[in-house]
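S.K.: The primary structure of each chain is shown beneath.
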Amino acid sequence: MATTKLGFIVQRAGYKSENPKLAITHAISSQSVEIYLNDGDLVTADIAFVGDGVLNCIKNQKAMEKYGLSSTESHIKNSLLLDLNVMVCKEDLARFVLTEKDIVIDAAEFGAEMTAKVVPFSEITKMMEEMKHLLFF
Amino acid sequence: MGKLTIGCFSSLVGSMSLDFAVKLASAAIEKGHKVDFWVSGNGTMLSIKAQRAFKDYSFLEKSVKELMSKGMQITACEACAEARGYHKDETMEGFKRHSMDWYLASIFDADRVLHIGGE
Numbered sequence: 001m002a003t004t005k006l007g008f009i010v011q012r013a014g015y016k017s018e019n020p021k022l023a024i025t026h027a028i029s030s031q032s033v034e035i036y037l038n039d040g041d042l043v044t045a046d047i048a049f050v051g052d053g054v055l056n057c058i059k060n061q062k063a064m065e066k067y068g069l070s071s072t073e074s075h076i077k078n079s080l081l082l083d084l085n086v087m088v089c090k091e092d093l094a095r096f097v098l099t100e101k102d103i104v105i106d107a108a109e110f111g112a113e114m115t116a117k118v119v120p121f122s123e124i125t126k127m128m129e130e131m132k133h134l135l136f137f
Numbered sequence: 001m002g003k004l005t006i007g008c009f010s011s012l013v014g015s016m017s018l019d020f021a022v023k024l025a026s027a028a029i030e031k032g033h034k035v036d037f038w039v040s041g042n043g044t045m046l047s048i049k050a051q052r053a054f055k056d057y058s059f060l061e062k063s064v065k066e067l068m069s070k071g072m073q074i075t076a077c078e079a080c081a082e083a084r085g086y087h088k089d090e091t092m093e094g095f096k097r098h099s100m101d102w103y104l105a106s107i108f109d110a111d112r113v114l115h116i117g118g119e
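These protein sequences, in sequence, are chains Z and C. Counting along the first sequence from 1, when you hit position 75 you're at 75 in my numbering, and nothing is skipped either side. Counting along the second sequence from 1, when you hit position 90 you're at 90 in my numbering, and nothing is skipped either side.
Note that these hints are calculated values from the structure, not bench results. Accuracy of the hints is not assured; some may be wrong.
[As the list claims (entries may be wrong)] Listed below are the simulated PhoX-like cross-link pairs for lysine-lysine, each with C-alpha atoms no more than 20 Å apart in a straight line:
| no. | chain 1 | residue 1 | chain 2 | residue 2 |
| --- | --- | --- | --- | --- |
| 1 | Z | Lys5 | C | Lys3 |
| 2 | C | Lys62 | C | Lys49 |
| 3 | C | Lys96 | C | Lys49 |
| 4 | C | Lys96 | Z | Lys132 |
| 5 | C | Lys34 | C | Lys65 |
| 6 | C | Lys70 | C | Lys34 |
| 7 | Z | Lys16 | Z | Lys66 |
| 8 | C | Lys70 | Z | Lys132 |
| 9 | Z | Lys126 | Z | Lys90 |
[To be verified] Simulated coverage check for chain Z against chain C, where a stretch passes if three residues somewhere in it have a Cβ under 8 Å from a Cβ of chain C:
| no. | stretch |
| --- | --- |
| 10 | 10-21 |
| 11 | 35-44 |
| 12 | 126-136 |
We put the beta carbon where it would ideally sit given N, CA and C, even for glycine.
Next up, chain Z with everything else stripped away, as it sits in the complex:
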């Protein structure tokens, strides 16, 4: 029985690039990876939004209305529903004059108990140090 911890670091803004959504969907796939692994083996995924990547977390995105696409916001909410650890860099939010009130923090309407955490970059660094592999998007 073994666990491999993966850190997904999102540093690009949404919609301009496909990367943020791919980061989240790849992280979510940690929930179905067991079909390829031996019993008891696990892959865990933590997601951190840093730099321009924090813009992905702004709430009330209108992607469905404007583009007919599911929003990055809904992907983040699905991550919370699946109990993934979602972290948002506090300093980078401040750089965009954003606060916790401006971003996706929970997915209560989906029944998620997990919430996103706004944390100093030092905590994200700590998380990254605990991971076996980091994937930058």
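On the provided structure of chain Z, position chain C as indicated by the hints.
M.R.: Here is chain C on its own, set in the frame of chain Z:
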């Protein structure tokens, strides 16, 4: 010998990232390492068969086939490919198509992971 998992999200044409990743895979295999290769996003363009070689554009079909013959496993994200109109019957022989959990499963026991994000 170790296991290297490479993920590349950059397109075949328009970026040299896939060229670099395939060359790195080749070097690793020559040294006796096992290599798994995942393409997602625009990187799924690499999976299309019957690529035509021009001097001005990257052409990796021949290299990928050689690496597959040497044991490299290469897989494209099925959803990313389908979204771009790259269908199974247009996929290079031996090039697998799976969902994203294939990549994470490969990473599970990889000694090193090289993840190259998209454009």
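S.K.: Which numbered hints turn out to be false for this structure?
M.R.: The structure conflicts with hints 4 and 8, although it agrees with all the remaining ones.
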